[in-house]
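Please model the entire structure based on the sequences and the hints provided.
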Amino acid sequence: MSAAIRAELRKITSTRLWWVLLLAQAGYLGFIGLVMAFSFTVEMPEGTSSGPALSGMDAATATYSLVNAIGYVFPLVIGSLAVTTEFRHRTIGQTLLVEPRRGVVLAAKLIATVPLGLLFGVVGVASLVGASAPLLAWQGDGAFLGDPEVLAILALGVVVMALWAVIGAAFGSVVTNQVAAIVVILAFTQFVEPVARLALSAVDGLEQVARFLPGSAADAVVGASLFNEIGEGSLLSRPAGLAVLLTYALVLAAIGRATTLRRDLV
Amino acid sequence: MTHSGPELRVEGLSKSFGPVRAVDDLSFTVRPGAVTGFLGPNGSGKTTTLRMLLGLTAPTAGRALVDGTPYAALRRPARVVGASLEAGFHPGRTGLGHLEVYAPQVGVSRQRCRDLLDLVGLTAAADRKVGGYSMGMRQRLALATTLLGDPPAVVLDEPANGLDPEGIVWLRGLLRAFAAEGRTVLVSSHVLGEVQHTVDDVVIIAGGRLAHASSLAALADLAVQETLAVSPDAARLAALCRERGWAVAPEGAGLLVSDVSAAELGAAAFAAGVELHQLTPRGTDLEQVFLRLTAPGRPAREPEAVVAR
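Listed in order, the protein sequences are those of chains A and B.
Mapped onto this note's numbering, the consecutive letters of the first sequence carry residue numbers 2 to 267.
Mapped onto this note's numbering, the consecutive letters of the second sequence carry residue numbers 19 to 327.
FYI, nobody ran anything at the bench for these hints, they're computed from the structure.
Glycine included, each C-beta is placed from N, C-alpha and C at the ideal position.
Not close to chain B: a few residues of chain A, all C-beta gaps over 12 Å, as computed:
hint	residue
1	G57
2	F189
3	L201
4	A255
Okay, the calculated bits of chain B under chain A, using three or more residues with CB under 8 Å as the criterion:
hint	stretch
5	63-75
6	119-127
Okay, here's the thing in structure tokens:
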């Protein structure tokens, strides 16, 4: 098993896509952090109604939680690529020649994305905090980087990014067409889920459903959410959110094992 | 015999894709210490058979064994059978990176990867991306991948495709050396001529069924012996052949006589007083035998020709 994991790590690191995506994520989250911190801290001119929506520690935690709410598309994509690249370039045959136990291959891919997801998490949190904290401290009510709850949010943000990478790999084992997988991930994360979270949480009775959407569950693990600061929704507890995310990963992986990896492969 | 190879055995192997019977009740064995050519026209089921042998495709019926064990049940299979099917490469990976990706599961070091690039003549291209490799370079890299684990058996699907003539000669030498070391070597091709000078045994399939399995020498015995004779009196020569029951066909200025040696034909003409200006034995044309054995509509196999089962 450890040999299979080492092989998967080499597959990821032997092409340049992982660091290209990592840089893109750092730039994107840094930009988002700057914009959010700016919007929370800078008073609008007289006459405009929209003042800072949040203040104090809420502004800081809502900003820092964006590593999940905005950044999760990156680990999802890099995780899915761990599987879909093998099909796109038809290397899955060679992979199965050196390890015919297909469950081992899938498990190794899921596990190998964990360190990668942690790296995306650390870099994502660092770029988000690096861009927003100075502005929050200078113009706002503070960056609260010494607060234990804020530190927990940052650490759990890293953990959640690793979980996203695992979910991405599991999703890739279900949707092995690389283009299709990326399109679905982009559409779901950028459009379907944000709309669904807002829409569901606005309807009594369906609010409960919204809490089980993967992005919402991930916000629950982080312990803060911009969505829930501006909307009405509520989050699951941290352990419950973690359980929901792990369930997504395991169910997707089980589907991938039962469909894709049962087929004749070349 | 330092690398005594395993016996590869295919037993009643069948594979259906929907209504299409790609491989149909196929049985043959591949012995160690020899190069076996696995031959058939395009679409005859060669690659599907090899995929089943290597556990990538599940048979509809029958089984394929490596010394009695299915490939997928082997511990460290790449240490037993080095295989290369339609080779897939990530274009953004270097040649060396490609080998290093598989090295942990084969159980070999990064140095072994470099050594193999050296063996296949890709050292200079080790750090170049495979996307920029030529077809021949990819074939060499695929071969290096199969040899990572120094396997006692080698299974190669159309390895000569894309190789330049020099590469083909080099490959032939390598495969002959493997067989001499006692390894099992199975090489597929859709062209008999490509492997004719490399193989000891042939397994020929057509339409997913076994058409012929024997040594190369036994295959040559199936070749129709032909002799070309040119006579100023072609009519008398033709009459003579008909009298003896030999089939004749006009070819150029002469007659092509089937199933008779030049000596027999010359003696008959001499005895009958027929003047001959040319008497040429035609070499046994294996390609013709191959085409005959794999022709569509032909009965699945010639029972008398099947020696290996």
